[in-house]
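> The chain contents come next:
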Amino acid sequence: MTELPLIGEAIAVAAEPRLAGARIGVVTFPGTLDDRDAARAVRLAGGTAVPLWHADTTLGDVDAVVIPGGFSYGDYLRAGAIARFAPLMSKIIDAANSDAKLPVLGICNGFQILTESHLLPGSMIKNDHLKFMCRDQVLRVENSNTAWTLDYEAGQEITVPLKNQDGQYIADEKVLDALEAEGRVVFRYVGFNPNGSRRDIAGISNAAGNVVGLMPHPEHAVEVGFGPESLDGIGGSDTDGLGFFTSVLNKIVGGNK
Amino acid sequence: MPRIVVDVMPKPEILDPQGKAIVGALPRLGFTSFSSVRQGKRFELTVEGEVTDAILAQAREAAETLLSNPVIEDVVNVEVVEA
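From first to last, the protein sequence lines stand for chains B and H.
Using the working numbering, the letters of the first sequence correspond one by one to residues 3 to 259.
Using the working numbering, the letters of the second sequence correspond one by one to residues 996 to 1078.
Restricting the straight-line Cα-Cα distance to at most 25 Å, the calculated cross-link-like pairs of lysine-lysine (DSS-like) are:
id: 1; chain 1: B; residue 1: Lys165; chain 2: B; residue 2: Lys133
id: 2; chain 1: B; residue 1: Lys133; chain 2: H; residue 2: Lys1006
id: 3; chain 1: H; residue 1: Lys1015; chain 2: H; residue 2: Lys1036
id: 4; chain 1: B; residue 1: Lys176; chain 2: H; residue 2: Lys1006
id: 5; chain 1: H; residue 1: Lys1006; chain 2: H; residue 2: Lys1036
id: 6; chain 1: B; residue 1: Lys165; chain 2: H; residue 2: Lys1015
id: 7; chain 1: B; residue 1: Lys93; chain 2: B; residue 2: Lys103
id: 8; chain 1: H; residue 1: Lys1036; chain 2: B; residue 2: Lys133
id: 9; chain 1: B; residue 1: Lys103; chain 2: B; residue 2: Lys253
id: 10; chain 1: B; residue 1: Lys93; chain 2: B; residue 2: Lys253
id: 11; chain 1: H; residue 1: Lys1015; chain 2: B; residue 2: Lys133
Everything labelled a hint here was simulated from the structure, so no lab data went into it.
Required output: the full structure, derived from the provided sequences and hints.
This is the structure we're talking about:
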């Protein structure tokens, strides 16, 4: 499928044809909002996006999975709590924990679902200021060895949109110390902590580095003219989120740096 | 019809932003005697017929797995209430 830019010549990057063979599943639950954006990000990065439905009982032949943002099942019980028990999630949990170590990325509500699934430790609670927040957020990439961050440099700062209500990451001190010691804090908020998350943590990974979750939205910063730069002129940040998707695609087809 | 009531509260060491917002609002309405508020959840599970030990055990398991998140919440009460 060809992506047509909505504004004249403002197309993102020239994707490498060799990546097209990599199939990234994008999960839709009732109440998911960002599945189209995530699928578009996969395509703009050069890969093939495969729609997955929460009631599916197989993962098909996908090479990785993105669990996008939104409000699965209305978030009525707790954010992500009901989605965790969807038939497709048990397949994702098994595949992520298997020897094959399926790469899984949870964004925002997807991150909440991954903590509820116990694929990632800790939990998400309401923002400390109790308000929904939407802003361009600077993040530092603390770990560039996960399946989803290989195309970044450790210490690199990126700007991507953030929008959430239950974005406060919490875990007990022992878990936080272990995450730090094992390099599993993958992203930290820079300059401003938008939700009161412990130790400014914006995203974490599992021990193997194939499962990554974060609150901010890299899939909303993948195309020139539509990213954070066009809002506040930070500069150079329009496509900062693209690296998530090129990272996993390069890893899948092999030959990553 | 009997119901099983499950009460879930945020763990004591977890900051409860909703409780904090409520305790901040109380004095504005003239209620000045309360120094802290914690907001929890009450679930009512209706049972068709008698509540057996097996059904109560199911309710406890549901409370620990789905109704609460053990990372941030405690199940503080599971009890049978006759309608």
